[in-house]
Amino acid sequence: MNSLDSYLFISSMLFCLGLFGVITRRNAIAVLMGVELILNAANINFVAFSKFNGMNLDGHIFALLVIVLAAAEAAVALAIIINIYNNMNTVNIDDVSELKR
Amino acid sequence: MIENPMILFPLLILFLPLLSFIIVIFFGNKLPRQGDWVAVGSIVTTFLLACYLFLQMFLNYDPDFSHGASFSWINLGEFKINLGILVDNLTIVMLLIVTLVSSCTHIFSLAYMKGDIRYNRYFAYLGLFTFSMNGIVLADNLISMYMSWELVGVSSYLLIGHWFEKDSAANASKKAFLTNRVGDIGFFIGIMLLYSAVGAFAFNPIFESIAGGQAIAGTTLTIAGLGIFMGAVGKSSQFPLHIWLPDAMEGPTPVSALMHAATMVAAGVYMCVRLFPIFTPSALIVIAYIGAITAILAALIAVSQNDIKKVLAYSTVSQLGFMILAVGTGVYTAAFFHLLTHAMFKANLFYCSGSVIHSMHHALHKAHDHDTDPQDMRNMGGFKDKMPITYFSMLVSTLAIAGVPLFSGFLSKDAILAGTLSFAQHHPEHFLLPFFGFLAAALTAFYMFRLIFMTFHGNPNIKSIVKNIHESPKEMTSPIVLLGSLSFFIFYTLPHNFNPMKDKGWFTDLIVPRNSAVPGSLTSNEIAEYAHHAHYLAMGLSLIVASIGILLAYLMYQKKVISAKNISEKFGFFYDWSLNKFYFDENYNRYLYQPFLRLAHTISWLDWEFYDKYFINGFGKLTKLLSTVSGKFDYSGIDQGFVDGFGRASNTVGKLLRNVQTGRLQNYLLFVVAGILVIIIAQAF
Chain A
31 MNSLDSYLFI SSMLFCLGLF GVITRRNAIA VLMGVELILN AANINFVAFS
81 KFNGMNLDGH IFALLVIVLA AAEAAVALAI IINIYNNMNT VNIDDVSELK
131 R
Chain B
576 MIENPMILFP LLILFLPLLS FIIVIFFGNK LPRQGDWVAV GSIVTTFLLA
626 CYLFLQMFLN YDPDFSHGAS FSWINLGEFK INLGILVDNL TIVMLLIVTL
676 VSSCTHIFSL AYMKGDIRYN RYFAYLGLFT FSMNGIVLAD NLISMYMSWE
726 LVGVSSYLLI GHWFEKDSAA NASKKAFLTN RVGDIGFFIG IMLLYSAVGA
776 FAFNPIFESI AGGQAIAGTT LTIAGLGIFM GAVGKSSQFP LHIWLPDAME
826 GPTPVSALMH AATMVAAGVY MCVRLFPIFT PSALIVIAYI GAITAILAAL
876 IAVSQNDIKK VLAYSTVSQL GFMILAVGTG VYTAAFFHLL THAMFKANLF
926 YCSGSVIHSM HHALHKAHDH DTDPQDMRNM GGFKDKMPIT YFSMLVSTLA
976 IAGVPLFSGF LSKDAILAGT LSFAQHHPEH FLLPFFGFLA AALTAFYMFR
1026 LIFMTFHGNP NIKSIVKNIH ESPKEMTSPI VLLGSLSFFI FYTLPHNFNP
1076 MKDKGWFTDL IVPRNSAVPG SLTSNEIAEY AHHAHYLAMG LSLIVASIGI
1126 LLAYLMYQKK VISAKNISEK FGFFYDWSLN KFYFDENYNR YLYQPFLRLA
1176 HTISWLDWEF YDKYFINGFG KLTKLLSTVS GKFDYSGIDQ GFVDGFGRAS
1226 NTVGKLLRNV QTGRLQNYLL FVVAGILVII IAQAF
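Chains as they are written, first to last, in the numbering used here: chain A, 31 to 131; chain B, 576 to 1260.
Some hints could be false.
[As the list claims (entries may be wrong)] Per label pair, the in silico range of CB-to-CB distance: (1) VAL98(A) / ARG1233(B): 36 to 44 angstroms; (2) LYS1230(B) / VAL98(A): 43 to 51 angstroms; (3) ALA104(A) / ILE1255(B): 25 to 33 angstroms; (4) GLY1238(B) / MET63(A): 18 to 26 angstroms; (5) SER36(A) / GLY1238(B): 35 to 43 angstroms.
[Unchecked claim] Examples of chain B residues toward chain A, derived with CB under 7 angstroms: (6) THR797; (7) LEU1244; (8) LEU1245.
Hints listed in this document are in silico derivations from the structure and should not be mistaken for laboratory results. In this text, a Cβ means the ideal position worked out from N, Cα and C, and glycines have one as well.
Given only the sequences and the hints, what does the whole structure look like? Please build it.
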């Protein structure tokens, strides 16, 4: 299992799972987890291409940057979710439709 | 600038009165004394300039003296109009007459019009009148003559209607203007006939071209001449357009003097004299008969009138008939001579009558009598001692108009009658012309002395008035004295001889007749020769008829040997005709004005009842119907179906598409994924 295809397969599986989570979940935290999965799928792609196509350490550096970005994003998103919960007593995103009214 | 005083001074004479008109009409109310000093000052200046010109003419003593200047007014390739002035002896004498009488009128009006409600306007219009008359006198072409001609008509309209609050004055001014228009149409036709044949408006090219005989001759020229003469018929109040002049007495008396002596009616005669070379022999016959009929007709009317101004008005018409008769018989310088002498004594007669009326007004006012007519001679009588200056001046002028030797009228009337007589001697079929002429001369002497006897002699008819009659103020008597003294023969026979029986003098030396331009006409020398042969016979006859007229008037109105009443009853029919002016106004009214009015009414009925109702209103209805249909189509078809339909369609589509916008992020994401999948699948194939 040292070929590029296996890595890409894993990465696409992860992406699809993440996408599925983002689309189907009603819980905001679960949606956030789906987003993390998508980011990680991208990370795997970066690293895999870096290793097999001789891109030196560029892919790794990008993966690290993405991890940092994901951490920041998670922090901001969680802060928003906590605020929503404090105000509305729910984290169900279907109920959060104040702007539509 | 213009250096030659013979051009500059006439221009000044022409335009100073216009300047005074503009100043007085616009600023008269703001000037002290309502600006009458502007008008009087300018007119007296023009008189002095005219005197200078006259003196120059006298010193030169050259019959062919002539100056001219012109400028191009309209220049449209082939069509050119040059306006200009022509100054010769004829012009200078006429300018002197106009400015002299106009000056006297201005000065006389200072007293006569004192306290009038439109004092400044009156003086402004006098300026306009003088300006237009000078324009006619100085014109060297038909166009500027015609323009001034119309201006004279307008200003006479304004002045006759000066007291337009009175209906009679307003009507008289309208009548004068419209009657003149009838003549002016003929004048215009004549001008256009000449222009279309000759291609020029200026006098000299026209004369030359007629003399050439190629451009225009025969019947066309006769018609053109008669057309132009029609203008003179209107302006100089000849039969059958003489009806306006007596009515024009409604204007202030000084205006009557100005109009009758120098400006308006003289314009027609002056024009005939100026354009004499264009008249063909057949045109001249018509002119002579018109003049003779006018002379006799007006004299017959004048003998029975009781209004002092009406008598003078008809005497003017009659004297103008004499002048036109002279033009027609070819002795046109005699016509101009009579115009000159007539201007002096007729203006004076009008001033004197104005003076009489003025004091009658005052006397009636003092006696609180508002019913007596101040112009009716039957209310006068015995004014001789009360108004000596007016009496003597009027007597002198009356002697002049009656044709008594030693007075100016004798010379000019004699010249006319001699010309007429010689014409009849050579054309025996026209024996009526001298007959009418001498009869009119006798009647003139009769009715003028009737006026003198009724006004100044005899016993006062109304005693309460006479004690308040007094001489008029100096502004009024000075023109009377001046013009009265100009009725003596001496002023017209200087400097060559002092023979009162002969009309030889500066006038005949300086104003020499020109040959007619029409080929085949008698030359001026031949006409003068013939007239000379008839001279003594004419003189004798005219002396006899004048003395008969005066004697008859003396017997009837002074001695009362012959009762005027008996005669008038005996000839009741003729008396009635004369008193009612031969029913001209009534007949014109019945046979001309009323049919015209009926025609106008019929046309107006057609217009209102037929044309407007069916045609115009029908169009209206049709348009309304069409617009209703079009409106329906517009509203339900275009607006509701098309314009609103687009709106509704967008609305429906928008409502449908609105369902896609759920506001749920996850839905959108799903669409995005589906979209990407579709793109990827499409790429794959």
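A quick look at each hint next to the structure:
1. VAL98(A) / ARG1233(B): 36 to 44 angstroms: holds (41 angstroms)
2. LYS1230(B) / VAL98(A): 43 to 51 angstroms: holds (46 angstroms)
3. ALA104(A) / ILE1255(B): 25 to 33 angstroms: holds (29 angstroms)
4. GLY1238(B) / MET63(A): 18 to 26 angstroms: Holds, since GLY1238(B) and MET63(A) (Cβ atoms, about 23 angstroms apart) stay within the stated range.
5. SER36(A) / GLY1238(B): 35 to 43 angstroms: For SER36(A) and GLY1238(B) the Cβ distance comes to about 41 angstroms; the hint holds.
6. THR797: violated (107 angstroms)
7. LEU1244: Since the shortest Cβ distance to chain A is 6 angstroms, the answer is holds.
8. LEU1245: With a closest approach of 5 angstroms, the LEU1245(B) hint holds.
Comparing the model with each earlier hint shows a violation of hint 6 alone; every other hint is respected.
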